[in-house]
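Put together the whole structure using the sequences plus the hints.
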Amino acid sequence: MDFFFLQVQAQNSAENYFPIVIQILFAIGLLTLMIFGSDLLGPKRKTADKLQNFESGIEIKGNARQPIAIKYFLVAILFVLFDVEVIFFYPYAINFRALKWEGFLAVVLFVSSFLAGFIYIFKKGALKWEE
Amino acid sequence: MNTQIIFILLSLMAIGSAVMMLASKNPVKSILWLIVVFFAISGHYILLNAQFLAVVNIIVYAGAIMVLFLFVVMLMNLNAETEPVKNYRLQFIGVISGGSLLLILLTFLMRTPVAQPVQMKVGESGLIGKLGMTLFQNYVLPFEISSVLFLSAMVGAVIIGKRN
Amino acid sequence: MTTTFLLIDLPMILEKFVLILVVVMASLGIAMYTTFAERKVAAILQDRRGPNRAGPFGILQPLADGMKLFFKEEIIPNFSSKALFVLGPGLAMLTAIMTSAVIPWGDKVHFFNRDISLQIADINIGILYIFGVLSLGVYGIMIGSWASNNKFSLLGGLRAASQIISYELAMGISLIALLMITGTLSLKEMVVQQQNGYWNVVLQPLGFLIFLICSFAECNRTPFDLPEAENELIGGYHTEYSSMKLGFYLFSEYINMFISSVVMSTLFFGGYDVPFFDEAAHADWGNWLALIGIAALMFKAVCFIFLFMWVRWTIPRFRYDQLMHLGWRILIPLALFNMLVTGGVILYFFNK
Numbered sequence: 022m023d024f025f026f027l028q029v030q031a032q033n034s035a036e037n038y039f040p041i042v043i044q045i046l047f048a049i050g051l052l053t054l055m056i057f058g059s060d061l062l063g064p065k066r067k068t069a070d071k072l073q074n075f076e077s078g079i080e081i082k083g084n085a086r087q088p089i090a091i092k093y094f095l096v097a098i099l100f101v102l103f104d105v106e107v108i109f110f111y112p113y114a115i116n117f118r119a120l121k122w123e124g125f126l127a128v129v130l131f132v133s134s135f136l137a138g139f140i141y142i143f144k145k146g147a148l149k150w151e152e
Numbered sequence: 003m004n005t006q007i008i009f010i011l012l013s014l015m016a017i018g019s020a021v022m023m024l025a026s027k028n029p030v031k032s033i034l035w036l037i038v039v040f041f042a043i044s045g046h047y048i049l050l051n052a053q054f055l056a057v058v059n060i061i062v063y064a065g066a067i068m069v070l071f072l073f074v075v076m077l078m079n080l081n082a083e084t085e086p087v088k089n090y091r092l093q094f095i096g097v098i099s100g101g102s103l104l105l106i107l108l109t110f111l112m113r114t115p116v117a118q119p120v121q122m123k124v125g126e127s128g129l130i131g132k133l134g135m136t137l138f139q140n141y142v143l144p145f146e147i148s149s150v151l152f153l154s155a156m157v158g159a160v161i162i163g164k165r166n
Numbered sequence: 089m090t091t092t093f094l095l096i097d098l099p100m101i102l103e104k105f106v107l108i109l110v111v112v113m114a115s116l117g118i119a120m121y122t123t124f125a126e127r128k129v130a131a132i133l134q135d136r137r138g139p140n141r142a143g144p145f146g147i148l149q150p151l152a153d154g155m156k157l158f159f160k161e162e163i164i165p166n167f168s169s170k171a172l173f174v175l176g177p178g179l180a181m182l183t184a185i186m187t188s189a190v191i192p193w194g195d196k197v198h199f200f201n202r203d204i205s206l207q208i209a210d211i212n213i214g215i216l217y218i219f220g221v222l223s224l225g226v227y228g229i230m231i232g233s234w235a236s237n238n239k240f241s242l243l244g245g246l247r248a249a250s251q252i253i254s255y256e257l258a259m260g261i262s263l264i265a266l267l268m269i270t271g272t273l274s275l276k277e278m279v280v281q282q283q284n285g286y287w288n289v290v291l292q293p294l295g296f297l298i299f300l301i302c303s304f305a306e307c308n309r310t311p312f313d314l315p316e317a318e319n320e321l322i323g324g325y326h327t328e329y330s331s332m333k334l335g336f337y338l339f340s341e342y343i344n345m346f347i348s349s350v351v352m353s354t355l356f357f358g359g360y361d362v363p364f365f366d367e368a369a370h371a372d373w374g375n376w377l378a379l380i381g382i383a384a385l386m387f388k389a390v391c392f393i394f395l396f397m398w399v400r401w402t403i404p405r406f407r408y409d410q411l412m413h414l415g416w417r418i419l420i421p422l423a424l425f426n427m428l429v430t431g432g433v434i435l436y437f438f439n440k
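Chains as they are written, first to last, in this note's numbering: chain U, 22 to 152; chain A, 3 to 166; chain V, 89 to 440.
Calculated directly from the structure, the hints in this document are not laboratory data.
Accuracy of the hints is not assured; some may be wrong.
[What the hints assert, rightly or not] Lysine-lysine pairs mimicking DSBU-like chemistry, simulated, CA-CA at most 30 Å apart: (1) U:Lys82 - U:Lys71; (2) U:Lys71 - A:Lys31; (3) U:Lys71 - U:Lys92; (4) U:Lys149 - U:Lys92; (5) U:Lys92 - A:Lys31; (6) U:Lys71 - V:Lys160; (7) U:Lys65 - V:Lys160; (8) U:Lys144 - A:Lys164; (9) V:Lys170 - A:Lys27; (10) A:Lys31 - V:Lys160; (11) A:Lys164 - U:Lys145; (12) V:Lys170 - U:Lys65; (13) U:Lys82 - U:Lys65; (14) V:Lys156 - U:Lys71; (15) U:Lys92 - A:Lys27; (16) V:Lys170 - U:Lys82; (17) A:Lys31 - V:Lys170; (18) U:Lys144 - U:Lys92; (19) V:Lys160 - U:Lys67.
[As the list claims (entries may be wrong)] Each pair of labels, with its calculated beta carbon distance range: (20) V:Val110 - A:Met112: 50 to 56 Å; (21) A:Ser99 - U:Phe143: 39 to 45 Å; (22) V:Leu102 - A:Ala155: 46 to 52 Å; (23) U:Lys65 - V:Arg141: 25 to 31 Å; (24) A:Gln139 - V:Phe437: 22 to 28 Å; (25) U:Phe143 - V:Trp373: 52 to 58 Å; (26) U:Ile45 - A:Lys164: 37 to 43 Å.
Beta carbons are placed, not taken as given, at the ideal position from N, Cα and C, and that holds for glycine.
The structure is reproduced here in structure tokens:
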């Protein structure tokens, strides 16, 4: 049975994440306190006009939650794909000296298909915002 | 002991927020609860000392795929009064398929022997260095094939997105 | 396999708690005074005086502003989703505060017979942690803008989200080239390497430039401040917010600016390393050495913050298509090119 003190833990162990948990709890506590504090301190004089949404003083027409342009959606979906590809590069970057040219070749192949997709996207004009 | 307590807390958090995700009526709230589930699962990964997996789970699932979900929710017209599903046949099929999934899960859970008490894993296998070596030495081919998968996903996204 | 027990070491927790308290409060304080500095810098660049009434040189101005935010009325519009409306700014602030966890603020200090590391959590995947928290930063803006149920807010939020995710990609790829040189993800190790060798900016000038541009975009700073383009979107995603909730959005922007300045100093400019000064030879200076290190890091961060402001008051805002063009068509291919060239050069020349 080993008793470990947090301070003498090796760098690679899961105990190192403990301070992050403390920080999350601390931050949540602080923010809740601030939100409730400002809620208590401020005056409360609510009128119907004040609780309207502000749209440059023009009478509100309809609801804001309308379907949005598909471009934003396309950006998000491409972001997910590229993000996963970028994540693949991290383990490579850490080890790439040990992996020598074989690893480099594998990554160049991977990047070339990445680029092929990229060029396809541009050729199709999927990310064209000017229209 | 402490690890066990952390494990139980994380599991409760995961299951609780998964239930909340299903129960909340507002799709945006559902997404937020799903993000809490991912955080709990990342906590489990950290207990297993799979640190890279934990942070990738946050970056890819909580940070990227959930953003996409939010965009989709915003893309949908939420104002149209959506009636709850009243189709009894559909509900029946749902109960049957869900129940059989539960059955399969339960049979496998019953079969697993009771493991040793939860303990914090040590060792290098979940760290980025070891993972990279394995990925780029033993699994180069699947890695390259995955790039083709990405390519096809890109093409699919563009075709669906540009179809007017 | 031995059973390891996580023994809750009380002095350790206390030490970490004090460190967290100091770091969080310091970043809040610095964010407060950055708002003051922003107004002063703007005034100097525009040949004005800037705030000068509250205290000498207006030094108490940020305190007055903070107090004012606390004492204003909270308005939650009728059409908004109430819970999400409160959650949005909270999330923005939470992610801003959480990034500071893995930054090495200095070397060890020695108090009460304990070596206290000036880093809240020295984890194996340091830079990926920052990247992860950064990727969550979108939610604060998106949730807040969606919850307000205001057309202008929603447009601002969508713009912000698309912009942040687009520039995150180029940022990630530019980091890969840096990681090829350092071979580690731990920020502490990166600083130690830079203390003994060159600063990474010498080895990765293009990577640094891409990272810098992306941090401007991630912080929604001019020239990338389209989410709050006041001539088209009133106030952008925080149009409906008032009181401290608005304060949270504003503060989180300044905290993000401060933290990204510190991250850039740490990654590319040696962190708490003092140039042309051999830390190891002066180990007997003890706590003073750590203090000099912190001062060096803060000096570098302040320089970056000044750069942020200088650019804000010099360069006009982009158009949205220009912004997307820069992010996707220029920065991502450039970052990929930088990564491959770096890899090739290191393998060819330095990996015998």
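Status of the hints after comparison with the structure:
1. U:Lys82 - U:Lys71: Status holds; Cα separation ~17 Å.
2. U:Lys71 - A:Lys31: Given pair Lys71 of chain U, Lys31 of chain A holds - Cα atoms ~27 Å apart, limit 30 Å.
3. U:Lys71 - U:Lys92: Distance of about 34 Å is beyond 30 Å: violated.
4. U:Lys149 - U:Lys92: Satisfied, since the Cα-Cα distance of roughly 9 Å is no more than 30 Å.
5. U:Lys92 - A:Lys31: 24 Å, holds
6. U:Lys71 - V:Lys160: 14 Å, holds
7. U:Lys65 - V:Lys160: 9 Å, holds
8. U:Lys144 - A:Lys164: Answer holds: Lys144 of chain U to Lys164 of chain A is near 12 Å, not above 30 Å.
9. V:Lys170 - A:Lys27: 14 Å, holds
10. A:Lys31 - V:Lys160: At roughly 28 Å apart (the allowed maximum being 30 Å), Lys160 of chain V and Lys31 of chain A satisfy the hint.
11. A:Lys164 - U:Lys145: 8 Å, holds
12. V:Lys170 - U:Lys65: 16 Å, holds
13. U:Lys82 - U:Lys65: 27 Å, holds
14. V:Lys156 - U:Lys71: 19 Å, holds
15. U:Lys92 - A:Lys27: 27 Å, holds
16. V:Lys170 - U:Lys82: 21 Å, holds
17. A:Lys31 - V:Lys170: 12 Å, holds
18. U:Lys144 - U:Lys92: 15 Å, holds
19. V:Lys160 - U:Lys67: Holds: Lys160 of chain V and Lys67 of chain U sit about 13 Å apart, inside 30 Å.
20. V:Val110 - A:Met112: 50 to 56 Å: 52 Å, holds
21. A:Ser99 - U:Phe143: 39 to 45 Å: 42 Å, holds
22. V:Leu102 - A:Ala155: 46 to 52 Å: With Cβ atoms ~50 Å apart, the hint holds.
23. U:Lys65 - V:Arg141: 25 to 31 Å: 29 Å, holds
24. A:Gln139 - V:Phe437: 22 to 28 Å: 24 Å, holds
25. U:Phe143 - V:Trp373: 52 to 58 Å: 56 Å, holds
26. U:Ile45 - A:Lys164: 37 to 43 Å: 42 Å, holds
Figure legend: structure checked against the earlier numbered hints; the only hint not met is number 3.
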